[in-house]
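Peer 1: These protein sequence lines map, in sequence, to chains E and C.
Numbered by this note's numbering, the letters in the first sequence go through residues 1 to 466 in order.
Numbered by this note's numbering, the letters in the second sequence go through residues 1 to 396 in order.
Hints listed in this document are in silico derivations from the structure and should not be mistaken for laboratory results.
One or more of the hints may lead you astray.
[As the list claims (entries may be wrong)] The calculated label-pair distances, taken between Cβ atoms and stated as ranges, are:
1. Lys272(C) / Pro23(E): 14 to 24 Å
2. Gly271(C) / His228(E): 29 to 39 Å
3. Met1(E) / Arg243(C): 46 to 56 Å
4. His228(E) / Leu313(C): 22 to 32 Å
5. Ala8(E) / Ser68(C): 12 to 22 Å
6. Met1(E) / Ser68(C): 15 to 25 Å
7. Glu17(E) / Gly349(C): 18 to 28 Å
Idealized CB from N, CA, C, for every residue including glycine.
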Amino acid sequence: MLSEQILADLKQITGEEHVLTSPEDLICYSYDGTFHDSLPEAVINPGTTEEVSAILALCNRKGVPVIARGMASGLAAATVPVDGGLVLNLVRMNRILELDRANMMVTVEAGIITADLQAHVEKLGLFYPPDPSSIKHSTIGGNIACNAGGPRCLKYGITGDYVMGLEVVLADGRVFRTGGKAIKNVTGYDLTSLFVGSEGTLGIITQATLRLIALPEAKRTARAVFPHLDDASKAVNEILWGGVVPATLELMDETAINAVEDYLHLGLPREAEAMLVIETDGDQSDATRDMEVIANICRNGGASEFRVAENQEQSDELWRARRSISGSLGRKRPNKLGEDISVPRSAIPDTIKGIKEISRQRDLPIVIFGHAGDGNLHPNILFDKNDEEEWERVQAAIGDLFALSVSVGGTLSGEHGVGTLKKPYLESDLGPIAIDVMRSIRQALDPKGILNPGKIFDMVDNADNQ
Amino acid sequence: MSETLSETLAFHSSEMVASNEHASCIRCGLCLATCPVYRVTLRETDTPRGKIALLHAVQEGRLDPGESFASRFYDCLLCGACANVCPSGVELEEILQAARDDLSQHKLQPEALARLGRTIWEHHNISGEDNAHRLIWTENMPAPPLGAEPKETADVAYFVGCVGSFFPRSYRLPQTMAQLLDKSGADYALLGGEEWCCGYPLLINGQVDEAGELIQHNLAKVQEMGATKVVFTCPSCLHIWHRVYTKVAGGSLPFELLHATEYLAELVEEGKLEFEPQRAQRVTYHDPCDLGRKEGIFEAPRRVLEAIPGIELVEMVDNRADSHCCGGGGNLETFDPDLSHAVSDRRLGQAQEIEAQVIASACQQCERTLTEAARRNRVRIRVMDVAELALRALKE
């Protein structure tokens, strides 16, 4: 599909050194943070919106699939080039274009690493709250395209809640801006929200204007250990009923506690059914008082231990434990599949019980952790991809997990997105009409189907073939 | 074409990647955040994750390991920052090293490295000069160091390393260290022409057998001296002695291995070196990869600096185990000086961010690359060894 002529034209746009076609390059741009891979035909590293526009105009004319990619930390195989085509690698576009202190907004290019953006604004006393676990190895463009969450979204909301406006390159190469710096803005359809979470299927996000808030003065971090999972879950509700909104309320079940403990040897309570990692923030007195309220609730609600970090090191250690769960699973089995079902908060205990039942029935280790405050759970199935029989059980277990989530009033994905992995289950959650509406939108914006084809849903209804 | 290289000779590194005996890469991407090379080039092929994917492809027969494949493994500082953060515990240092060993076996290593190997083999040092001139750096000192005097035995052997011995820009380090040793009254000796290259450049390029002879020689000479301590100013020499010499000697050595900063900290704490108040200055300490992350020596150099009145020790954003390579690791400068410089510039930027006036370090290589970075960028930051700061502050 990518003829010599097209490659030559692409090289004209970005310069030869930014078009990659060696076998080594193609292998290295064939994957994301999942175990899926598929080779692209070429990789291009544009440096400006104009270059992105020219690339898309060309690819649209020639019918070349374009797969936008940042640092490829995604967990839904959304940037894996399943149909070959051209990987549009946006990491060179990583500048901060404007920091508007008066309006507390920052405008950045899509390829900036989210942690770099955060560190930059924090130096000025400003705060960009969304904190996906991949914050150091993912880009803001990827975060927006997947509408990433993170532990802090309980109090502060998700990525999309901070996106004020976008610069988008459409499939045919036209460039336009959505939204802007006006906080109230109901002029026309909310196109910003349309592109947030669109996983590179509707247009290429090249710039974003993000809302910032004042950096909280103080933080308190604590761990609460619960011998019984039900008590942990009840405590979460009690805390929120109590009028306290902690910045984070993270849950690790015994499988996650043990996986991290095997790796880091932090002295985590291996026998406990659940551990909560809790953070409060605000001014000094708020953060401290909120933590005292939470401590009382937990202690009266069955916690066997409640320990507040005494210094930054202890706090960092707790967060290191929480952020290391996913990676530490590679020590257990060769492959892992991390889901991110999202359920109503009240359904967490039943969901966890259900997951454990699936684990037993399918005879697969499933590690559970997640954001207890908002019901977003991360069951991670551990397996060996080379064992075909086991892989069949994994696929069955995934179906079970999604069915479980939908049955308790939840949904397939809280923050990873659909990509390739959840595509087969989409209709079970959304129903045919919602998918039909999405198809119409996608058809209108990308009539030739060049943008990340094969992701989220197919353009042709395959129901008849199934 | 006849059979491919991967069919004629095994790639041990790719076997390590594919084997279930070793922790596997789950492609989380955490190593991208800390890999100093990726942070400059933004190329996935330069990332540890990418290199693992390439080795996988070789193992599965999807990729023929040729020059283009090989070059990816030399765009690497061997700084170990990736292994430090890998949550899956992938043995990245071992794998990246094994890959270089494989490439050397397959004659896919860069010519400059092959040449360096021959030089060391013939001359017992990296510069190609007559190894009998190992003490040339002592010649323009105000007084010859006591350690240069011929003696049969000594309590401490000071292993200077090739760079300090033969590269005029680095003479200052052994000169400084020798003066400090003289002042402390330590019973020490230099090995002179009997000091051979520690073997590091051969070992990191897969010439293991050639390194063996150097190792045996150095071990024998130190043992003949009856030393109870061997002191190193070069972290790479120390690292190789610790990791490889110990193994060659059967698991333990009859003497203690100390980095200069550890020995200096000891001398300061025993009251054998005392400091006078200095002009106030902000000093940041750059952890060399081989000393910090790989040898776990973080506090000794800081203890020496903190003992000098007037020095305000400030930390760069990447410090201790998370230290950022100076750009001088892994011979990268030999293959891609621009890339190596860009890494140095980034590290220099971290020192500028905290308004340090001095970058103190404990490795002649880090000091050279960072000095050049400061000069290239016209930045007024001095780069000095911890030992130099100690010598300047010494009470007369």
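Peer 1: Now tell me, hint by hint, if it's right for this structure.
Peer 2: To see whether the hints hold, each was checked on the structure:
no., hint, verdict
1, Lys272(C) / Pro23(E): 14 to 24 Å, "60 Å, violated"
2, Gly271(C) / His228(E): 29 to 39 Å, "58 Å, violated"
3, Met1(E) / Arg243(C): 46 to 56 Å, "50 Å, holds"
4, His228(E) / Leu313(C): 22 to 32 Å, "48 Å, violated"
5, Ala8(E) / Ser68(C): 12 to 22 Å, "21 Å, holds"
6, Met1(E) / Ser68(C): 15 to 25 Å, "23 Å, holds"
7, Glu17(E) / Gly349(C): 18 to 28 Å, "24 Å, holds"
The structure shown violates the earlier hints numbered 1, 2, 4.
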